[in-house]
Amino acid sequence: MGRPLTITEKIIQNHTDNEAVAPGDIVNARVDIALGNDITAPIAIKEFEAIGIGEVFDRKKIALVPDHFVPNKDILSAKQAKMLRDFAKEHDIENYFECGEAGVEHALLPEKGIVLPGDLVVGADSHTCTYGALGAFATGVGSTDLAYAFAFGELWLKVPESIKVIFEGKPKKWVSGKDLVLYLIGKIGVEGANYMALEFAGSTFKHLGMSDRFTISNMAIEAGAKSGIFEPDEITEDYVKDRAKRDYIFYKSDEDAEYAKVLKFNTESINPQVAFPHLPENSVDINEASAKNIKIDQSVIGSCTNGRIEDLRIAAEILKGKKIAKYSRLIVIPATPDIYRAAAKEGLIDIFMDAGAVVSTPTCGPCLGGYMGILADGERAISSTNRNFKGRMGDVKSEVYLANPAVCAASAILGKIAGPDEVS
Amino acid sequence: MIFSGKVFKFGDNIDTDAIIPARYLNDSSDENLRKHCMEDADESFPSKVSKGDFIAAGNNFGCGSSREHAPRAIKVSGVPVVIAKSFARIFYRNAFNIGLFILEADTDGMDNGDILEVDTDTGEIKNKTKNTVVKAKPIPKFMSELVNAGGLIAYAKKKIKEGKK
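Chains as they are written, first to last, in this note's numbering: chain X, 1 to 424; chain D, 1 to 165.
Hint data in this document are derived by calculation from the structure and do not stem from the laboratory. Even for Gly, the Cβ is constructed at its ideal location relative to N, Cα and C. Treat each hint with caution, since some may be false.
[To be verified] Some chain D residues near chain X, calculated using beta-carbon distances under 8 Å:
#1 Asp27
#2 Asn59
#3 Ser86
[Stated by the list, open to error] Cut-off 25 Å, straight-line C-alpha distance, at most; resulting in silico cross-link-like pairs (DSS-like, lysine-lysine):
#4 Lys128(D) / Lys46(X)
#5 Lys187(X) / Lys112(X)
#6 Lys158(X) / Lys141(D)
#7 Lys397(X) / Lys161(D)
#8 Lys112(X) / Lys164(X)
#9 Lys128(D) / Lys51(D)
#10 Lys85(D) / Lys261(X)
#11 Lys164(X) / Lys252(X)
#12 Lys141(D) / Lys85(D)
#13 Lys48(D) / Lys390(X)
#14 Lys390(X) / Lys9(D)
#15 Lys345(X) / Lys322(X)
#16 Lys10(X) / Lys322(X)
#17 Lys35(D) / Lys46(X)
#18 Lys85(D) / Lys187(X)
#19 Lys161(D) / Lys46(X)
#20 Lys322(X) / Lys112(X)
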C-alpha cells in the first residue's frame, strides 16, 4: 500500500503515468478540459500557432467561451472574439459557444455537463477553480499554458499540499457559500493558501446546495489557492447525473491523508459578510458594516461567483414589491442563457425591473471593470462578484464591497450597505 | 545572467489589475501592454521605466487574475527580473512560461531608485546604492530548465523536434 492520499493527489496521480505522487512533485498531467475565454485565448491561439504542431490534441476537450467583453463592447474586443470563432471553426472545436449560447464560463461549463467529477481541468482564467465544487481538480493557468495544453493535452503541474477546511453546523438565514468563503479569506488572508489546495468538508454542506459549493470553490483563488475542492456526494450526483454525457469518477480522500493544516469553523456563529476595499480578506460581519452607514451608488448581482438561479431567487425574494433607492443603480446579470430564461419564467426578471434594476445579457462585464456598469471617480459599489481590488470595477478612485446577493439586494433598496433583515 | 539597473519599489499584494488593468485587455499587443504597465499602482511607471530596470515588491506579487498580459506587460517594458518576497502562483508560472525571471528574496532593504546587480544563476542580488547583498531562494530545477529552454513554447518546439509524442 502506498501512502494515504487526498482527493487532489488521487485525481492528479490518475492523470499521470507516475506510480506515486506527493506534494511538491512536478508532474506532467493529462488534461480532460482546457478552457479559454475572449481575453486569454487570443494569446493562447497565437502561441499555439507558434508551436507549429498544426492540430489540437482533441477537439472535444477544448472549451472556448467568449464571455468577458461579449457581446463585443468595442472594435478591439470584437477582434478578439473573432479570433476565438475563427480558431473554433478551423479546428472544429466542439465546445465553442457563440454569443446567445455563451454565458459566464464557470457557470456555463458545469451547467452543460462539460466539466465533471474526477476531471483534471486547466483554464486560462483564475476562477477555473470553481469546478472543484464538483469534485474535480481544476486550476487557473496562463495563456501559454493553454497553448501547450491545446497542443499536447497535458501540462506541467506542481502537486499541491492541501489545507482541510471544515465548516460544522447549520447556517443562519441569509448565510450562504459566499459568506463562508469571505469569512475564511478574512481568517487566512489573500495569501493564506498560496500554491495549496483547499479541501472543504463538514456538516454545513448538507444544508447548502451545489450553487453554494460553486461560490466557495470559485473564491479559493482569492486566498491564493491553486484549487478548492469538495468530495462529491449525493448533492453532486443530483446535479451531475442528467447533465453528463460521459463517465465520471467520484474520488474521496483517504481517511488518514496528510494535510498541511486543518481549520475548523462553527458555521452557526457566522453572519453575512462584507469585504471592504481593496482586498477580499477585509471581511466583516454585516452588522458591523451596516452600522458604518456606507452609501452606495451601484449594486451588482451576477458573475461566476453569484450569478446562478439560486442567487437570483434570493435577490428577488428581497426585492419583491420594493424599489431601489433614488439615484442608485442595480445591475442584475444572469450568468448563462438558461439561467436568464429560468429567471424570466419564474417572474424574477419582472421583480427586478419593477424594483428599478437593469437586467443584462450574460457577461462578466462589470466584475472586472470591462463594461456594463463601470464606476466613476469616487463612486462606490456593493457587488456579489469576487474581487474588490483598487480600480477593479472602474476608476482607480472607486470602491467595491463584496457581499452575497441578499446583502446586495438589501443595500440597493436602502442605498447603503445593509443586511436583508433591515428591509423585510 | 547578470542584469544591472534601478529599482521601482512596490508594496504587498500588487494585483494583476494594478499591473495591467482589465480596461486595456481588449488589445494584447506589446505596445498597448507597455503603455499601461503598472498604471493603477504608479501612473508614471510607463514613462519612467527604462530597459534593464527592476521591479521589487513585498508579498503576494501578481495576485488575482490569470491574465498572462501582466508578466508580458512587465517584460515588454524592458524589466528583466521581478524580485518580491513572494509571488501568487499563476503569476509565478506565467512568468517562467514566457521567460521573465522572477526571484523570491527579502526586498525590505530596497528602495525606489536603488541600483541593483542581479545574478539570475546564483540568485545573488547586490544593492550597489546601499552596499548590501541578499540571496534569492533557489529556483526549482524544472523551472530553470524551462527558462533556459527559452520558455514553454520553445520547450514545446524542442519536444516536437525530439519526437517525444
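- Message: Hint by hint, where does the structure go against what was stated? Just the numbers, ascending.
- Response: Hints 4, 5, 7, 8, 16, 20 are the ones this structure does not satisfy, whereas the remaining hints hold.
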